[in-house]
Amino acid sequence: MELPLSISSFLVLCLVSVVCAERSDTRLLLTPNATTGERHAAEYCAMYDICGRREDGKVLNCPYGSPAVKPDEILSKKIQSLCPTISGNVCCTEAQFDTLRAQVQQAIPFLVGCPACLRNFLNLFCELSCSPQQSLFINVSSVSKVRHLSTYVVVFWKSFIFSHYIPLKLNTNCFITDENQICLLI
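Here the UniProt record's numbering is used: the first residue of the sequence shown is 1, the next is one more, and so on.
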């Protein structure tokens with residue numbers, strides 16, 4: 001039986017959260033990924049450059065898994081002006097840095113009254129975007145759009161949802177009153 005997409009997504013999120021919490025092991029980040037070739041080590045990037053845009057226009061970074069890159073002098077000075085803790089090799093291009101700068105500029109007016117808050121905020125996003133240690137705290141977990149989704153839900157969750165949320169009305173005006181009923185989302 002297929003569940004409606006909204007219920008399936010909720011259940012998958014619950015199940016994935018539980019599984020991830022129970023099986024979290026930071027040692028996985030310290031080993032190379034045999035599938036993608038990414039490497040989690042000092043001076044290695046998880047992402048580098050911009051590969052495309054999402055439907056909302058926001059940029060998508062490229063998966064990289066290679067050594068951090070020495071920026072030219074102009075980019076190095078730009079990075080230092082916003083991210084003084086980052087020097088030497090980096091994991092961002094000028095285009096990525098310009099995107100970072102534009103995005104953090106929106107928050108600066110709200111944080112300017114607290115210099116420590118502003119510095120911590122900038123350090124966080126600078127490190128996420130440009131740090132040469134990026135692969136030690138970022139793991140690229142998906143690089144393509146989801147085109148099809150199959151969900152596998154244990155009987156317990158299926159019964160729980162339908163025993164607690166009957167009848168359930170979706171935005172599509174489709175009522176589900178039986179756990180074996182299917183509502184197609186078109």
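No wet-lab data here; the hints were simulated from the structure.
These numbers come from a predicted model, not from an experiment.
Hints may be right or wrong, so weigh each one.
Said to hold, decoys possible - Below, a list of computed lysine-lysine pairs in the DSS-like style, where the Cα atoms sit at most 27 angstroms apart: (1) Lys70 <-> Lys58; (2) Lys77 <-> Lys58; (3) Lys78 <-> Lys58.
Do the hints match the structure? See the list:
1. Proposed proximity of Lys70 and Lys58 is supported: the alpha carbons are some 26 angstroms apart, at most 27 angstroms.
2. Among the hinted pairs, Lys77 with Lys58 is consistent with the structure: their alpha-carbon atoms are about 25 angstroms apart, no more than 27 angstroms.
3. Proximity of Lys78 to Lys58 is assessed by CA-CA distance (about 22 angstroms); at most 27 angstroms being required, the pair is judged to hold.
Comparing the model with each numbered hint stated earlier shows that all of them hold.
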